[in-house]
Amino acid sequence: MRRVYITGIGQTPVREHWDRSARDLAASSILQALEQAGIDKADAIYVGNALSGELTGQEQLAALIADFAGLTGTEAIRVEAAGASGGAAVRLGYLAVASGVHDTVLVTGVEKMSDLAGPAVEEALATSTDEEYEAIHGLSVVALHALLMRRYMHDYDLERRDFAHFSVNSHRNAVNNEYAMFRRPITVEAFEKARLVADPISLLDSAPVADGAATIVLCSDKAAGKRANSSVEITGSALATDAVALHDRPNPLFLRAVQESAHKAYAQAGVTPKQIDIFELHDAFAILAALSLEASGLAPEGEGVRLAMEGEIALEGRTPICTMGGQKARGYPVGAAGVYQIVELVQQLRSEAGANQVDARVGMAQSIGGTGATAVTHILKSPE
Amino acid sequence: MSLAKHWRMQQQRYRLTGMQCEDCGAKLLPRRLVCPQCKSHNLQLYSFKGQGMVYSYTVVYDAPSGYDGYVPYPAALVRLDEGPLVAAQLTDVDIDEAYIGMPVEMVTRRLREHGESGLIVYGYKFRPKLKGQA
Numbered sequence: 003m004r005r006v007y008i009t010g011i012g013q014t015p016v017r018e019h020w021d022r023s024a025r026d027l028a029a030s031s032i033l034q035a036l037e038q039a040g041i042d043k044a045d046a047i048y049v050g051n052a053l054s055g056e057l058t059g060q061e062q063l064a065a066l067i068a069d070f071a072g073l074t075g076t077e078a079i080r081v082e083a084a085g086a087s088g089g090a091a092v093r094l095g096y097l098a099v100a101s102g103v104h105d106t107v108l109v110t111g112v113e114k115m116s117d118l119a120g121p122a123v124e125e126a127l128a129t130s131t132d133e134e135y136e137a138i139h140g141l142s143v144v145a146l147h148a149l150l151m152r153r154y155m156h157d158y159d160l161e162r163r164d165f166a167h168f169s170v171n172s173h174r175n176a177v178n179n180e181y182a183m184f185r186r187p188i189t190v191e192a193f194e195k196a197r198l199v200a201d202p203i204s205l206l207d208s209a210p211v212a213d214g215a216a217t218i219v220l221c222s223d224k225a226a227g228k229r230a231n232s233s234v235e236i237t238g239s240a241l242a243t244d245a246v247a248l249h250d251r252p253n254p255l256f257l258r259a260v261q262e263s264a265h266k267a268y269a270q271a272g273v274t275p276k277q278i279d280i281f282e283l284h285d286a287f288a289i290l291a292a293l294s295l296e297a298s299g300l301a302p303e304g305e306g307v308r309l310a311m312e313g314e315i316a317l318e319g320r321t322p323i324c325t326m327g328g329q330k331a332r333g334y335p336v337g338a339a340g341v342y343q344i345v346e347l348v349q350q351l352r353s354e355a356g357a358n359q360v361d362a363r364v365g366m367a368q369s370i371g372g373t374g375a376t377a378v379t380h381i382l383k384s385p386e
Numbered sequence: 005m006s007l008a009k010h011w012r013m014q015q016q017r018y019r020l021t022g023m024q025c026e027d028c029g030a031k032l033l034p035r036r037l038v039c040p041q042c043k044s045h046n047l048q049l050y051s052f053k054g055q056g057m058v059y060s061y062t063v064v065y066d067a068p069s070g071y072d073g074y075v076p077y078p079a080a081l082v083r084l085d086e087g088p089l090v091a092a093q094l095t096d097v098d099i100d101e102a103y104i105g106m107p108v109e110m111v112t113r114r115l116r117e118h119g120e121s122g123l124i125v126y127g128y129k130f131r132p133k134l135k136g137q138a
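Protein chains in written order, with the numbering used here: chain H, 3 to 386; chain P, 5 to 138.
Among the hints, erroneous ones may be present.
Listed next, with one range per pair, are the computed distances between beta-carbon atoms [what the hints assert, rightly or not]:
id, chain 1, residue 1, chain 2, residue 2, range
1, H, Asp361, P, Arg12, 55 to 61 Å
2, H, Asn253, P, Arg35, 18 to 24 Å
3, P, Pro76, H, Arg308, 46 to 52 Å
4, H, Glu194, P, Gly105, 24 to 30 Å
Which chain P residues face chain H? A few, computed with CB under 8 Å, are given here [unchecked claim]:
id, residue
5, Ala30
6, Cys39
7, Ser60
8, Tyr61
9, Thr62
10, Tyr65
11, Pro68
12, Leu81
13, Pro88
14, Ala91
15, Ala92
16, Gln93
17, Ile104
18, Met106
19, Arg116
20, Gly119
The set of hints was computed from the structure by calculation and includes no laboratory data. We put the beta carbon where it would ideally sit given N, CA and C, even for glycine.
Construct the complete structure from the given sequences, taking the supplied hints into account.
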């Protein structure tokens with residue numbers, strides 16, 4: 003297995019880009035990353051995208067993007083795993099380079115969501131659930147997470163407002179991220195008063211869907227050459243799955259796929275959970291953030307929310323999460339999120355995070371599909 | 005809209021039919037090919053009695069297309085007496101009446117329509133157990 007370095011990153015701001023389509027967004031992030039890496043082509047392109055067909059009627063997205071970015075003919079394929087599509091694309095890019103098949107690959111996450119609105123978007127998002135046994139009953143992705151949150155509140159004696167700290171933290175961090183969608187802080191009171199989407203999840207507890215694209219360049223040490231010494235390295239990569247439907251899991255409150263992928267990644271990277279300095283987790287909803295901390299071994303079961311209440315998830319805390327705003331405030335272009343997480347970790351590990359800089363040597367990014375049926379974890383190390 | 009898609013689910017939707025593992029006795033809903041407990045392929049059809057209690061519940065305000073006409077509607081994960089969890093809407097209940105542990109029973113109700121002249125899809129929902137029943 004060869005070492006894998008990240009030699010370039012690129013990203014578009016996350017927002018409703020009324021004037022830009024998926025191919026535009028993806029290509030612009032690719033060109034940024036290529037320029038930063040000092041290259042003009044790659045051996046392959048892995049495109050993480052969840053809903054291109056559902057939302058824009060466009061499939062065969064990878065070939066389209068390769069051509070539009072001026073890389074016509076390049077090996078290119080789209081990777082789909084619902085909300086984990088971006089992370090899964092990173093996984094495939096990592097496998098291609100680590101295995102020795104390719105020397106330099108691009109991984110691009112892109113999602114174009116703003117062409118439709120409201121119920122049509124909820125319907126598209128529901129394709130990540132079990133269609134025959136969850137979506138058919140009108141259970142949206144939000145509703146399924148609401149079921150988890152309600153049960154968790156019951157089991158661990160918590161109130162809705164206790165979950166506010168995840169959103170408050172994400173918004174606070176996004177203030178200093180120029181690419182973030184929401185750059186204003188919110189209060190616990192605002193979280194409590196926000197309109198319910200699916201009880202007990204409110205509008206300020208739900209990551210906003212939006213448009214965006216992010217790209218990373220992965221290189222073997224041979225291809226990276228002298229750049230390897232100053233590049234962030236991927237030292238752990240693992241993907242695991244679980245039953246898609248909540249009701250098919252023995253304990254819906256325990257994310258087995260998160261545990262499996264996190265522990266495999268720790269083992270490969272030779273680190274323990276305590277050595278993770280930053281955790282870019284998948285905060286589509288506060289309950290998912292809490293359960294991710296628990297299944298990743300960073301909080302005991304039932305203590306994920308309390309960790310946030312105690313301030314330990316803040317930049318200055320023991321386990322900083324969502325350091326550039328996370329899904330909640332940086333924004334959540336579904337299939338692109340997993341690549342944005344890597345871009346943000348690279349910024350931190352290169353000491354390019356500005357006002358949000360954390361003193362970090364080892365970072366972890368984790369991308370989740372649906373209510374936890376796919377989880378992909380990557381561990382990154384700062385340059386020597 | 006597919007008629008076939010709903011037709012092949014009739015047994016599950018109208019009669020809550022799942023499987024029973026002949027080797028370890030596990031009762032499984034929905035139906036599967038492989039027992040998740042013991043990996044046996046020796047599974048036979050089993051019709052659940054439809055009795056259970058609420059494991060968790062929610063009220064949906066922002067719904068997917070096709071369900072937005074019904075908001076707000078309550079939904080739940082129900083723990084059936086035989087063991088499995090099932091996801092379904094609650095019915096015959098006010099949106100603030102549900103609670104964890106509430107005894108419920110299965111009924112057959114309309115899940116959705118496909119437009120004014122399209123297919124009407126029926127399936128299981130759960131209502132609070134009627135008084136006077138064990």
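These are the hints, each one checked on the structure:
Hint check: H:Asp361 to P:Arg12, Cβ distance near 57 Å, so the stated range 55 to 61 Å holds. Here the CB-CB span from H:Asn253 to P:Arg35 is close to 22 Å, well matched to the stated 18 to 24 Å. Distance hint for P:Pro76 and H:Arg308: a CB-CB separation of about 31 Å, inconsistent with the stated range 46 to 52 Å. Separation of H:Glu194 from P:Gly105 is about 26 Å and conforms to the stated range, judged on CB atoms against 24 to 30 Å.
Violation of the interface hint for P:Ala30 is found here, the shortest Cβ-Cβ separation to chain H being roughly 11 Å, above the 8 Å cut-off. With its C-beta approaching chain H no nearer than about 13 Å, P:Cys39 sits outside the 8 Å limit, and its interface hint is violated. With a least beta-carbon distance of about 4 Å to chain H, the hint placing P:Ser60 at the interface is held under the 8 Å criterion. Taking 8 Å as the C-beta contact cut-off toward chain H, the hint placing P:Tyr61 at the interface holds, the least distance being around 6 Å.
At about 4 Å, the closest approach between the beta carbon of P:Thr62 and any beta carbon in chain H falls short of 8 Å, and the interface hint on this residue holds. Taking 8 Å as the C-beta cut-off, the interface hint given for P:Tyr65 holds, the closest approach to chain H being about 5 Å. This hint holds: P:Pro68 has a C-beta 4 Å from the nearest C-beta of chain H, less than the 8 Å allowed. The beta carbon of P:Leu81 comes within 5 Å of a beta carbon in chain H, closer than 8 Å, and the hint placing it at the interface holds.
Because the beta carbon of P:Pro88 sits about 7 Å from the nearest beta carbon in chain H, less than 8 Å, this interface hint is met. Hint on P:Ala91 holds. Least Cβ distance to chain H is approximately 5 Å, under the 8 Å limit. Restraint check, P:Ala92 versus chain H: the minimum CB separation of about 5 Å is within 8 Å; hint holds. Given hint, P:Gln93 at the interface with chain H, holds; its Cβ is 6 Å from that chain's nearest Cβ, closer than 8 Å.
With 8 Å as the threshold, the beta carbon of P:Ile104 comes within range of chain H, its nearest partner Cβ sitting at about 5 Å, so the hint holds. For P:Met106, the suggested interface contact is broken, since its CB lies about 12 Å from the closest CB of chain H, more than 8 Å. Here the hint on P:Arg116 is kept, as its CB sits about 7 Å from the closest CB of chain H, short of 8 Å. Using the Cβ-Cβ criterion of 8 Å, the hint placing P:Gly119 at the interface with chain H is not satisfied: the shortest such distance is roughly 14 Å.
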